[in-house]
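Line by line, the protein sequences give chains A, B and C.
For what it's worth, our numbering labels the leading residue of the first sequence as 1, then goes sequentially.
For what it's worth, our numbering labels the leading residue of the second sequence as 1, then goes sequentially.
For what it's worth, our numbering labels the leading residue of the third sequence as 1, then goes sequentially.
No incorrect hints appear here.
For each label pair, taking beta carbons as the anchor points, the in silico distance ranges come out as: (1) C:D145 - A:R153: 41 to 47 Å; (2) C:P37 - B:E121: 29 to 35 Å; (3) B:L16 - C:P37: 37 to 43 Å; (4) C:L148 - A:R34: 55 to 61 Å; (5) B:P271 - C:A76: 26 to 32 Å; (6) C:C126 - B:V28: 37 to 43 Å; (7) B:A20 - C:L148: 33 to 39 Å; (8) A:T28 - B:D276: 55 to 61 Å; (9) C:C28 - B:P271: 19 to 25 Å; (10) A:L136 - B:A258: 54 to 60 Å; (11) C:C28 - B:I36: 22 to 28 Å; (12) A:I105 - B:P271: 35 to 41 Å; (13) C:F161 - B:Y40: 40 to 46 Å; (14) A:R26 - B:D276: 55 to 61 Å.
Hint data in this document are derived by calculation from the structure and do not stem from the laboratory.
Quantities reported herein were computed from a predicted structural model and do not represent experimental measurements.
Cβ atoms here follow ideal geometry from the backbone N, Cα and C, with glycine treated the same way.
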Amino acid sequence: MRDSAGAAVAEEDQKRRIVAALRECRVTIPKQGRLVAEVPRDSLLTLLLLLKADGFEHLSMISCVDWIDAGELELVYHLWSYEKKVHVMAKTRIGREAPRFLSIIPIFRHAQTYEREIHEMFGVEFEGNPRQVPFLLDHWQGPPPMRKDFDLRRHATETFGVEEKAL
Amino acid sequence: MGVVTMWVVGIIVLPLLAFAVSVLFLGVSRKVTARIQRRYGPPLYQPVIDVVKLLAQQENVSHGVVFDAGVVLALGGSIATVLFIPVGGLHPLSTGGDLLVVLYLMLLAPLGLALAAGAAENPNASVGVSRKLILALGYEVPFLLALLAVMVQAETTSLVEIARSQQASVLGWGLFRVPLSALAVCLVLPAMLGLRPFDMVTAPQEIASGPLVEFGGKYLALAALQSALHSYIVIALFVNLFLGGGANVLTFLAKVFAVFLAGLLVNAVYPRVRIDQALRFCWKWPALLALLGLVAVMVIGR
Amino acid sequence: MDRAQITKILKSPGKWGQKYSLWVVYFCTGCGIIEIPPVITSRWDAERFGVIPTATPRQGNLFLITGYVSLKTLGAIIRTYDQMLDPKYVVGFGSCPVNGGMYWDSYNTIKSLDKYIPVDGWISGCMPRPEAIFIAVTHLWTLIDKGLADGYKRYQDNYEFYRENQRRVLPHLPKFAGEYEAEAVTA
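Okay, chain A solo, but in the shape it has when bound (with noise of 0.2 Å):
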């Protein structure tokens, strides 16, 4: 939101309240109406806390970045203000191999449907989420298909077998 100079108000408060509350947080304006804070991952739960009392309360969406060179997994919450309209990424990062994460359910109850999709398409292991639980694949066997260390077009070959005729 701006104010009648134009500078972006309620994003620039939020960011000294964030960077005031936890030191090792990184806040970046990128445009109007939109904040990113990074934090390490023993602190994501205090900046979400943090986030829904000073009114993000509606969580939008977790996705999940697979960054395979620096061998990480980055999840973002997505979190929105209805007041102040500013849309919050709050991102965190955690290793590649046997991920695990604390679940956010007690926070925000609808979390358990997002952490299930993660679960099932990067192989992050959420604790306190009761249910992780095939979501969208159909009896699925092989790795998790959303990693890019899995082979895409090999995949729908072996399986669909494209260059078979049909009757």
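Please build the complex by placing chains B and C on the supplied structure of chain A, with the hints as guidance.
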């Protein structure tokens, strides 16, 4: 010999006439609904094409003897009911209490369909049957009260007599002699016909066609014919009771067509109500009006 | 008149019925179903062609596979197709049933519908316009006239072939459709 011949001809002609008229009405209903919705719609003989297609299906899935018997019972019950409703001058099987006979025979069709739907073992069918029974409970109360008023007013239980007694003039119609009862039956007529706003029994969007969910091929053809015949039966009964019957077949059919068109226009613009709303509606104003009509007839005069 | 001609005359009312009264099973398979509501409502009135949607597969004889077919959907499509009554026609609508379309290298969608259920006609496009559905329906009439819309017969004659393909991508299916074992509901 002449009497027996007329009798046999009447028995054969009456159901055929009912079939032809009801299939024509189905086609007209789809065309009129389409035109109301600002589109062209199928040709008038589309129901004939549908029934021919359904009868020509090469595979008909049955769910047992009860399933087959239920469908046949429904259609047979409707045909039997048709035989007792006078059409203008045609009334081959009419006797003294044929209004009561018609009321009883009208129960066979829903019973048959409920049997078949039960044999289908589909939860959608069970929901549809329960809705059908609750709706019947709803509209039977005002309908029977209105019938009582008509029977008291005409002092007879013979449909032929009731129709004949109204033919003196337009003001002799049941509509003007027992106006409250006629109004009550008008209000529940869409429920009896299965038209909107009371078409929740076969709600395709909610319960996948309700009792008809497992019907395909021949069974669906018979069920479609039965539902068309049922509409014809209800409207013909209404015309005989409240609109003066008909001096001959043509005037009778014209009146039936007019009532059908009125129901169709209501069906085209109204949404669907819930089954509890339907029950509450039927037991409120229509039942009250029918009760008042009965009291009026018994107290005021014949 | 020989027997073939007599049979042809006797079967023609049935063919006439099947052509001009194609009832679509209203199973919204994929994203392509967004093109169907305008077709069956007032704007591009499909009821003129005799095409109306039905709520249950028992009453339908045309199955439009609209859009991509993921593996979960394929299981439902096979069950729905098995419940339809003969004669039944399948039309692949959109590019995804034809060759995988936009999802040609996806891990979860099938690439050629013809291997799993028999298809009588294809409509390519992403998404095809509603007029394309009418062209497909009239083309299907021609096929029915000539007796070439025999997907259901192909399915019965080559059931082992189709079932093998289905079981390759859906390993939990039993060998014959009549023996569905109770599957644990995971969704």
